[in-house]
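Going down the list, the sequences are from chains A and B.
Each residue of the first sequence is one higher than the one before, counting from 1 in our numbering.
Each residue of the second sequence is one higher than the one before, counting from 1 in our numbering.
Hints may contain errors.
Derived coverage of chain A by chain B (criterion: at least 3 residues anywhere in the stretch with Cβ under 8 Å from a Cβ of chain B; other residues may be distant) [as the list claims (entries may be wrong)]: (1) 73 to 87; (2) 330 to 340; (3) 358 to 372.
Quick caveat, the hints were computed from the structure, so don't treat them as lab data.
Backbone N, C-alpha and C define an ideal beta-carbon position, used for all residues, glycine too.
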Amino acid sequence: MSAAGHSQAMFFQARATAQVRNKDLQKALEKAKPLFVGKRAKGIAALADDGLDFAQLRAACTEIRRRVVDDLDVWLEIFEERARASGAEVLWARDGDEICRHVIDIARRNGVSKAVKSKSMLSEEAQLNEALSAAGIEPVETDLGEYIVQLAGETPSHIIAPAVHKTLAEVEALFAERHGRALQERTSVDIPLLTAEARAVLRQHFLSAEMGISGANFLIAESGSAALVTNEGNGRMVTTLPKVHVVITGIEKIVPTLEDFATLMRLLPRSATGQSISNYVSLLTGTRGVDETEGPEKTVFILVDNGRAALAGSDFADMLRCIRCGACMNHCPVYFSLGGHAYGWVYPGPMGAVLTPLYTGIENALDLPHASTGCNQCGAVCPVNIPLPSLMHRLREIQNERALRPLSERIALRAWGWLAQHPGMYRWLTRRVARYLRWLADDSGRIRVLGLAPGWTAGRDLPAPPGKTFHELYAARKRA
Amino acid sequence: MRLALFVTCLVDLMRPEVGFASLRLLEGAGCDVVVPPGQTCCGQPAFGAGNRVLATDLARQAIAQLEDYEYVVIPSGSCTDQIRNVYPQLLADDPIWAARAQALAARSYELSCFLVEVLKLEQVPGALAGSVTYHDSCKGLRGLGIKAQPRNLLASMRGMTLSEMPDCEECCGFGGAFAVRFGEVSTAIVDRKCESIAAAGADAVVGADLGCLLNIEGRLRRRGDQRTQVLHLAEVLAGTLPK
Numbered sequence: 001m002s003a004a005g006h007s008q009a010m011f012f013q014a015r016a017t018a019q020v021r022n023k024d025l026q027k028a029l030e031k032a033k034p035l036f037v038g039k040r041a042k043g044i045a046a047l048a049d050d051g052l053d054f055a056q057l058r059a060a061c062t063e064i065r066r067r068v069v070d071d072l073d074v075w076l077e078i079f080e081e082r083a084r085a086s087g088a089e090v091l092w093a094r095d096g097d098e099i100c101r102h103v104i105d106i107a108r109r110n111g112v113s114k115a116v117k118s119k120s121m122l123s124e125e126a127q128l129n130e131a132l133s134a135a136g137i138e139p140v141e142t143d144l145g146e147y148i149v150q151l152a153g154e155t156p157s158h159i160i161a162p163a164v165h166k167t168l169a170e171v172e173a174l175f176a177e178r179h180g181r182a183l184q185e186r187t188s189v190d191i192p193l194l195t196a197e198a199r200a201v202l203r204q205h206f207l208s209a210e211m212g213i214s215g216a217n218f219l220i221a222e223s224g225s226a227a228l229v230t231n232e233g234n235g236r237m238v239t240t241l242p243k244v245h246v247v248i249t250g251i252e253k254i255v256p257t258l259e260d261f262a263t264l265m266r267l268l269p270r271s272a273t274g275q276s277i278s279n280y281v282s283l284l285t286g287t288r289g290v291d292e293t294e295g296p297e298k299t300v301f302i303l304v305d306n307g308r309a310a311l312a313g314s315d316f317a318d319m320l321r322c323i324r325c326g327a328c329m330n331h332c333p334v335y336f337s338l339g340g341h342a343y344g345w346v347y348p349g350p351m352g353a354v355l356t357p358l359y360t361g362i363e364n365a366l367d368l369p370h371a372s373t374g375c376n377q378c379g380a381v382c383p384v385n386i387p388l389p390s391l392m393h394r395l396r397e398i399q400n401e402r403a404l405r406p407l408s409e410r411i412a413l414r415a416w417g418w419l420a421q422h423p424g425m426y427r428w429l430t431r432r433v434a435r436y437l438r439w440l441a442d443d444s445g446r447i448r449v450l451g452l453a454p455g456w457t458a459g460r461d462l463p464a465p466p467g468k469t470f471h472e473l474y475a476a477r478k479r480a
Numbered sequence: 001m002r003l004a005l006f007v008t009c010l011v012d013l014m015r016p017e018v019g020f021a022s023l024r025l026l027e028g029a030g031c032d033v034v035v036p037p038g039q040t041c042c043g044q045p046a047f048g049a050g051n052r053v054l055a056t057d058l059a060r061q062a063i064a065q066l067e068d069y070e071y072v073v074i075p076s077g078s079c080t081d082q083i084r085n086v087y088p089q090l091l092a093d094d095p096i097w098a099a100r101a102q103a104l105a106a107r108s109y110e111l112s113c114f115l116v117e118v119l120k121l122e123q124v125p126g127a128l129a130g131s132v133t134y135h136d137s138c139k140g141l142r143g144l145g146i147k148a149q150p151r152n153l154l155a156s157m158r159g160m161t162l163s164e165m166p167d168c169e170e171c172c173g174f175g176g177a178f179a180v181r182f183g184e185v186s187t188a189i190v191d192r193k194c195e196s197i198a199a200a201g202a203d204a205v206v207g208a209d210l211g212c213l214l215n216i217e218g219r220l221r222r223r224g225d226q227r228t229q230v231l232h233l234a235e236v237l238a239g240t241l242p243k
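The following block holds chain A by itself, in its conformation from the complex (with noise of 0.2 Å):
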């Protein structure tokens, strides 16, 4: 399927409306939102304790980032020729479809008919699981919170916290009903045990996998390694246990070396969850050697376009840079208003708002653009020096040249505009609308209803103005 046919991005507006009136996803959310918040900070904050300085670090890791997407096919070149010559396979895939036969091929030429699957955000845009089971290949997310995804049947909301919608009650429903057993009382010291129950069920799968299916952080160009940035423990299994390892990555995942590799890591975790270093860091190159007595036989790593050439070289061009820590969408007013399924699509908050549009069409995700306070919060904390707001602003402008906006809405810029550079009628109007607007105060000066601007009074008042403007009033001051 084409990345915009699974797409419910046009449907913002109304899926937004419903997520914020969701009490247990407000819930789970206003919980989340502070550990986020102020586990990056104090990572962050922790930077000095080492010697070293965010602004600098982040210059350095936005300059490594701008040199692999400035020569991209480059830099492909000479990964494709490293991990060739450690033994992996490398596929090209230009989209989401490629992508499924890639590794339905691949399952099928090696006789599998399970895959265990390590985070990947790729088979997300591909819709790999669904496609795979289509094929009678059973695809395992063991990933804690991708597995109660897959259970419930959803798509992640996060890009690192995939379950971060769900609260502990559903996840005890869940399991409960999924693993056959009696509903138990539980509270937030018994996380550890429905975790060992994911546990318990995932290592049957971890030994009976033939196939296991991973993204990558960061593919290395200098040893054709993929690099996996993980908390849990099931990376590894996945990339060892199985037979076989497909990895599926963005084309824009590169970096040169392994020095650069590092300076990355100084900021993915800290953006992402505060850490210094996450729990485990495997940099897998090739398949398993001679004398060696673990990994998987045959490595396959599948590269993905599914719309990133496009942007090179483009006035997108900088959210190449993106490094997947999820930092955007943490400190996103928006994102913790509706959690991530609103925006419809793989990836959501600020990269969301930019990359769904730029993926699936611009005119499939009209109001994504706009859903954003311009607060710039997200930028402020982008460790590759993305300007999100100025990237959103720019997909508006686009959608202005293209007359994508409603008709409505483009009559009355217009004529607004129109007015404000003809400051005689304006001040005629305005004189009229403060008069007007005071008419429809209430005694205590407050607005309760305006016909004219729904969407503010449903939930606020408008605090009613005096009734004359300043520039009324002043040309009177300075008469008398």
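Since the structure of chain A is provided, determine the placement of chain B on it from the hints.
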């Protein structure tokens, strides 16, 4: 020194007292203040909506109206951000206007910045017995680096205590058209701001952007808080508080 006051369209329409408070502060400090006629809007709504052509036309209009003054002072962080940071970007490729945009940007100041950085004001006419909490609006804070200036001015006032709210740097959910387009989302965001304000327990919340203040006041009142005053920094500093 001769300076222009750009009152902003919101102040003009919704809270003219903020314009007069700004005048009082600036004139009180010995400035010769002109309110250039013909000023309407800095063009933010057009820029926000993605209408670059209109935003650029309005930028040219504002530049032509304001460029003949030594300084331009604006009682709003977001309008100042538009003039300082966005105008030069909108006109970067225009051989004539690029330099004019940059020249104006360099001389345009948000009110509290101007009072502190240019006038080096240490005393303000206002007096306020009670506690206030300060909301950092986004464009002022992240676009212009306004953080200490308003607090220093507030701290200079006798009888006033500053009680910081948790998450004072968090967005209030206004965002211009966003507040109307995504009313419920905006309300959910401002709800969190209202809770922060309540946690500060201050008599008044003070800010430097009228859009944020209308949003915050509107939500506080709807939630049933009739007590917490919502004040523009200019009003507090000038001592021209609404009754």
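Here's how the hints hold up against the structure:
1. Check on the region 73 to 87 of chain A: 0 of its residues sit with their Cβ under 8 Å from a Cβ of chain B, so the three-residue criterion for coverage is violated.
2. Check result for the region 330 to 340 of chain A against chain B: holds, 4 residues qualifying (beta carbon to beta carbon below 8 Å, three or more required).
3. A stretch counts as covered by a chain when three or more of its residues have a beta carbon under 8 Å from one of that chain; for the region 358 to 372 of chain A and chain B the count is 4, and the coverage holds.
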